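Bring the two chains, given one by one in their own frames, into a single complex with the hints.
Just so you know, the protein sequences line up as chains Z and A, in that order. Using the numbering used here, the letters of the first sequence map in sequence onto residues 737 to 989. Using the numbering used here, the letters of the second sequence map in sequence onto residues 1289 to 1385.
Don't read these hints as lab results, they were simulated from the structure. Keep in mind that a hint or two might mislead.
[Claimed, not checked] Label-pair ranges, simulated between beta-carbon atoms:
(1) GLU902/Z <-> ASP1349/A: 36 to 42 Å
(2) GLY1337/A <-> GLU963/Z: 39 to 45 Å
(3) GLN981/Z <-> ASP1349/A: 50 to 56 Å
(4) LEU782/Z <-> ALA1351/A: 36 to 42 Å
(5) HIS1311/A <-> GLY862/Z: 31 to 37 Å
(6) MET770/Z <-> HIS1384/A: 43 to 49 Å
(7) ARG1312/A <-> ARG861/Z: 36 to 42 Å
(8) GLY802/Z <-> ARG1336/A: 33 to 39 Å
(9) ALA872/Z <-> ARG1312/A: 25 to 31 Å
(10) HIS1311/A <-> THR854/Z: 37 to 43 Å
(11) ALA793/Z <-> HIS1384/A: 43 to 49 Å
None of these values were measured; they are calculated from a predicted model. Here a beta-carbon is modelled for each residue, glycine too, at the ideal position from N, C-alpha and C.
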Amino acid sequence: MATAATNVPAILEIADDCLILGHRLSEWCGHAPMLEEELALANMGLDLLGQARALYAHAGEIEGKGRGEDDFAFLRRERQYVNCLLVERENRDFAHTMLRQLYFAAFMQPYCRAIAATSSDETLRGIAAKAEKEMAYHLRHAGEWVIRLGDGTEESAARMTDAVTELHRYTGELFADSPARADAIAEGLLPDPEAVRAEWDATIATVFGEAKLEAPEIRVMQKGGREGRHGEEMGHLLAELQFMQRAYPGLEW
Amino acid sequence: MTDKQNLTPLWEVFIRPRNGLHHRHVGSLHAADSALALQAARDVYTRRGEGNSIWVVRSSDIAASDPSFAEPNFEPADDKIYRHPTFYDIPEDVGHM
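Chain A on its own, in the form it takes in the complex (with noise of 0.2 Å):
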């Protein structure tokens, strides 16, 4: 008996919503090839409207960060407010930004 695991790998699913201009990540699923995960997402994740365009990405394939690291990666942006650009003057003009 193979291993059912190989057979249908996972795979990470994005959406483009409807009004949103980049893809966002929903869910996961499993399938056997990108053909068959793109089938699988637009019956899984885009059952009520949810979006217009899937990508689907071999969840192997994705190089994630370390979480043991993260102190090291993160922390040090927390003390430097001065590279948010909170520090002008908006005119009103430009409303919400």
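Chain Z extracted, bound-state conformation (with noise of 0.2 Å):
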């Protein structure tokens, strides 16, 4: 049975890191590459909006404090978020935007496809079957740039190996036990995220391989996320993502 006290935060986990991405990647609407890349940015930043308002109206519901997506997406404070750090890293360069995406993609949709079938509460397991989909879209698209920016010019590659060296330090905390997501395992509404490194890392095995990529060697991967702790620009990023709400509250479309 769905308990609020535990569920409520494990599924604020998942939520925030689709809601902090989509933002990220929605700072690029109307500074893309190329038209192309303006749209697929822009797809895929409200793919990641969608699940984090379909997870938030579910976590308001489970709570049964009267909580909508509203009040979780823009009413909180910078503590009270739960997002891995990876996903509030900044857009930088198409490269950094890029990889950001591979490494969460890369971990999403299998971790989608974990929960779809295996959790014990039935409207997160359409909500992660429909994710999935999405994510093996993201996971694609994100690919085929890596290898091409990897083994491109000089320029792309350096780069994407920059992107690399910057990155890869905080893909460890997509794996990280918090004390939500533990108990959420106990309770099985959530799977285990070991049980999808083996294939995270055989997919980024492949991409970097084709890419000509070298995953770096990681002695202490940062965390901190997911007990609110974040970087000096999810300050920013929360900003402009809330001063709607704030300077209007209760605004509606």
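The structure is reproduced here in structure tokens:
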């Protein structure tokens, strides 16, 4: 049975990942390198926003305190967001953005598949089944670009190598157990992320092999997002994300 | 600096509508290769559920008829109405054709 005390925070972790990464992709609006990617980035951002909305709405129902999508998305403080650090990293350049998307989608596609197959929560299974197809596309889109940029020109290869150096240390948190997730795993709400690590490793190895990139040895992976400890850039992100609701409380479209 | 046009040549996009039988030309886009062209076509031309199959063809691979030769090409057909199947009585049971 769904219990609000443990399950709401566990669902918010996934929802916040989707919201924050979706917002990052929305920042490309009007700045993408070509029209085709402009639309692709917005499409992917909207996929993630849709997943976040469904998860927030579901979390609000379980919680039963009348909080809805907007309350979770716009009206929490920075320390109350429990997204992993990877998704809040800045866009920097197209290489960073595509690599971040690859790292995330290579995790989320198999994880969503596992949620859809094993979760004790029927609504969550449904949300995950839909999200898996979306993440499969994100994975292919980002993978194709990482391959072409990594094995591309001198400049694109240098930018992709920079991105790997910068972002690889944030991938450990995708699999890390937070207290909320540990409870959710014990209850059968969520599968253990460790179950998809082998698939993630294989996906990244395949793409990096074709892209002529090397995954660096990271001794200590960065973490803290699940406890609400974020990087400096998160405050700037939230300032833009929350501006409208803070300036005009209760505003609706 | 390499010419950007050569890095991302033009592709023509054909979509088969959900309820249609054949692919129809819907537009064009720039992409580096066929895999990226298919991805871009999906993102640019199927966002509203337009279709269930995509073809892309390099625009430079399409041989087109010469517009200045349009009259010799097409006008000779104009006065040959007997080529249209309009001289038959269609039985009522056949319905709309």
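Each hint, compared with the structure:
Between GLU902/Z and ASP1349/A, the C-beta spacing of about 40 Å keeps the proposed range 36 to 42 Å intact. Restraint check, GLY1337/A to GLU963/Z: a C-beta distance of roughly 41 Å satisfies the suggested window 39 to 45 Å. Evaluation of the 50 to 56 Å hint for GLN981/Z and ASP1349/A yields a pass: the beta carbon distance comes to about 51 Å. In this structure the supplied range 36 to 42 Å holds for LEU782/Z paired with ALA1351/A, their Cβ-Cβ distance being about 39 Å.
Checking the proposed 31 to 37 Å range against HIS1311/A and GLY862/Z shows it holds: the Cβ atoms sit about 33 Å from each other. For the pair MET770/Z and HIS1384/A, the beta carbons lie near 45 Å from each other, so the given range of 43 to 49 Å is met. Checked against the hint of 36 to 42 Å, the pair ARG1312/A and ARG861/Z passes, with Cβ atoms roughly 37 Å apart. Against the hinted window of 33 to 39 Å, the Cβ-Cβ separation of GLY802/Z and ARG1336/A comes to about 35 Å, which satisfies the hint.
Hint check: ALA872/Z to ARG1312/A, Cβ distance near 27 Å, so the stated range 25 to 31 Å holds. Between HIS1311/A and THR854/Z the beta carbon distance is about 40 Å. The supplied range of 37 to 43 Å therefore holds. Judged by the Cβ atoms, the range 43 to 49 Å given for ALA793/Z and HIS1384/A holds: they are separated by roughly 47 Å.
Of the numbered hints stated above, none is contradicted by the structure.
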